[in-house]
Amino acid sequence: MELFISPGSSSVVSFDPDSILVLAYLYLGKCPIDVKDTMHDNASLSKLPLLRHGSVEKSGSVDVINYLRSQNYGLEYGLNDTDVVELASLVSAVNRQLTPAVDWFLWGEDNVFVKYTRKWCSASLSRLNALYLPHKWRQRKVYLSKHSQLVHCLRHMTDAEIGHELYGLAKRCLTAFSYILGKKTYFVGDRPTAIDAYVFSRLWPLLHYESQQGNVSWQSIGGTDGSGSVAQSASHPLIAHVLQCPNLVAHFIRIQNEFFPKAAAHFRRDETLLGKTNPIGNAFANHPVRDCLLFAGLAAGVFVAYAHSKGLIRILPD
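Position 227, counted from 1, in the sequence shown is what full-length UniProt numbering calls 227; the numbers after and before it change by one each time, with no gaps.
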């Protein structure tokens with residue numbers, strides 16, 4: 001089987017929560033898989049992750065996980081009826097309450113989109129595609145977040161009101177999940193299930209953002225004491241609430257250390273770089289507006305030079 005995911009970096013296998021979800025599900029089940037990074041194109045944001053098994057292709061995290069279950073690679077075999085109902089309820093809560101808030105954080109928050117989301121989703125794009133595709137994907141994600149609630153109409157709210165509503169739902173969801181997990185290793189039963197992968201994948205971008213852009217030292221994250229003081233330094237209220245649930249963070253770190261060791265080292269190592277800037281590196285950072293203006297100026301200069309060489313443009317003497 002081959003799994004095509006949204007590209008990451010040399011240290012982080014992917015930045016996309018849905019790609020991380022499928023990877024975590026596979027790794028928790030010890031399922032052999034050939035993981036391939038794939039370049040984005042105009043439609044691949046909705047198609048990734050994509051699983052290819054012989055002549056069969058399944059795209060999107062839900063269809064991929066359902067297919068894995070049909071091929072006896074699922075994590076849920078042997079659960080009793082009560083556990084199955086609880087698992088379905090927890091997954092539904094993540095999809096309805098936590099996922100829209102994470103998507104709004106990544107795509108709806110202007111500051112986060114500019115400093116973080118646009119950079120990772122543009123890294124594998126050509127310079128031309130990077131000028132417009134991230135904004136197209138952003139429109140889609142924001143639209144889905146606005147229409148994610150069954151009993152709350154968000155369409156006529158301002159962006160600030162939408163964020164407040166979605167983050168409120170996510171915080172209540174996280175609090176409930178922290179209570180359900182308690183001191184257990186896994187949410188349902190005594191072994192991993194899909195909900196462990198779901199929660200892990202949704203915390204991934206929040207904690208990664210904090211390790212890259214926030215003020216909290218990664219070494220202080222995940223402890224059982226001092227979580228209140230750590231949360232007060234978080235860069236965003238949603239992340240602060242995550243840090244106030246130390247058992248959820250410990251659950252995340254445990255899975256990351258076991259199945260994503262390179263990413264875990266990346267999270268720890270980069271905390272020493274927080275707050276430090278590289279003026280030389282920043283000068284060559286990807287700035288779409290600047291790059292577009294420079295490209296337009298260069299193209300205009302080439303055109304003028306060509307026209308002058310062909311006699312189409314003459315420079316009259318004074």
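Misleading hints may appear alongside valid ones.
Pairs of lysine-lysine residues, derived as BS3-like cross-links and limited to a Cα-Cα distance of at most 30 Å, are as follows [what the hints assert, rightly or not]: (1) K36 x K171; (2) K146 x K136; (3) K141 x K183; (4) K136 x K47; (5) K36 x K58; (6) K119 x K47; (7) K36 x K262; (8) K141 x K262; (9) K136 x K183; (10) K36 x K115; (11) K119 x K141; (12) K115 x K136; (13) K136 x K58; (14) K171 x K136; (15) K146 x K58; (16) K262 x K184; (17) K146 x K119; (18) K30 x K262; (19) K36 x K136; (20) K58 x K262; (21) K119 x K183; (22) K184 x K30; (23) K141 x K115; (24) K136 x K119; (25) K184 x K47; (26) K30 x K183; (27) K36 x K47; (28) K146 x K183; (29) K58 x K141; (30) K183 x K115; (31) K171 x K47; (32) K47 x K183; (33) K262 x K119; (34) K184 x K171.
Just so you know, these hints were derived from the structure itself, not from any lab.
Here's how the hints hold up against the structure:
With a CA separation close to 34 Å, the supplied pair K36 and K171 exceeds the 30 Å bound. For a cut-off of 30 Å, the pair hint linking K146 to K136 stands: about 16 Å separates their Cα positions. With a CA separation close to 34 Å, the supplied pair K141 and K183 exceeds the 30 Å bound. Restraint check for K136 and K47: the C-alpha separation of about 15 Å stays at or below 30 Å, so the hint holds.
This hinted pair checks out: K36 and K58 have alpha carbons roughly 15 Å apart, not beyond 30 Å. Between K119 and K47 the alpha-carbon distance is near 20 Å, which keeps this suggested pair within the 30 Å criterion. Proximity of K36 to K262 is assessed by CA-CA distance (about 17 Å); at most 30 Å being required, the pair is judged to hold. Our distance criterion of 30 Å between C-alpha atoms is met by K141 and K262, whose separation comes to about 29 Å.
For the suggested pair K136 and K183, the alpha carbons sit about 42 Å apart, so the restraint of at most 30 Å is broken. For the proposed pair K36 and K115, the alpha carbon gap of about 26 Å is at most 30 Å, so the pair holds. Only pairs whose Cα atoms come within 30 Å are accepted, and K119 paired with K141 is accepted, the gap being roughly 16 Å. Proximity of K115 to K136 is assessed by CA-CA distance (about 17 Å); at most 30 Å being required, the pair is judged to hold.
Distance check on the hinted pair: K136 and K58 sit about 23 Å apart at the alpha-carbon level, within 30 Å; holds. Distance check on the hinted pair: K171 and K136 sit about 28 Å apart at the alpha-carbon level, within 30 Å; holds. With a CA separation close to 26 Å, the supplied pair K146 and K58 stays within the 30 Å bound. For the given pair, K262 sits about 26 Å from K184 by alpha-carbon distance, which is consistent with the 30 Å threshold.
Of the pairs offered as hints, the one joining K146 and K119 holds, with about 23 Å between alpha carbons and a cut-off of 30 Å not exceeded. The straight-line distance between the Cα atoms of K30 and K262 is roughly 18 Å, inside the 30 Å bound, and the hint therefore holds. Our distance criterion of 30 Å between C-alpha atoms is met by K36 and K136, whose separation comes to about 24 Å. Between K58 and K262 the CA atoms are separated by roughly 27 Å; this keeps the pair inside 30 Å, and the hint holds.
Only pairs whose Cα atoms come within 30 Å are accepted, and K119 paired with K183 is rejected, the gap being roughly 37 Å. Of the pairs offered as hints, the one joining K184 and K30 holds, with about 21 Å between alpha carbons and a cut-off of 30 Å not exceeded. The hinted pair formed by K141 and K115 meets the criterion: a straight-line CA distance of about 17 Å does not exceed 30 Å. Using a Cα cut-off of 30 Å, the hinted pair K136 and K119 holds, with the two alpha carbons roughly 14 Å apart.
This hinted pair does not check out: K184 and K47 have alpha carbons roughly 35 Å apart, beyond 30 Å. Note on K30 and K183: the hinted pairing holds, with a Cα-Cα distance of about 24 Å set against a maximum of 30 Å. Under the criterion of a C-alpha separation no larger than 30 Å, the hint pairing K36 with K47 is consistent with the structure, at around 14 Å. Restraint check for K146 and K183: the C-alpha separation of about 35 Å exceeds 30 Å, so the hint is violated.
For the hint linking K58 to K141, the alpha-carbon distance of about 21 Å falls within 30 Å, and the restraint holds. Straight-line distance between C-alpha atoms of K183 and K115 comes to about 36 Å, which puts the hinted pair past the 30 Å bound. Only pairs whose Cα atoms come within 30 Å are accepted, and K171 paired with K47 is accepted, the gap being roughly 29 Å. The hinted pair formed by K47 and K183 fails the criterion: a straight-line CA distance of about 37 Å is larger than 30 Å.
Simply put, K262 and K119 have alpha-carbon atoms about 20 Å apart, close enough for the 30 Å limit, and the pair holds. Between K184 and K171 the CA atoms are separated by roughly 20 Å; this keeps the pair inside 30 Å, and the hint holds.
In the structure shown, a violation is registered for the earlier hints numbered 1, 3, 9, 21, 25, 28, 30, 32, in ascending order.
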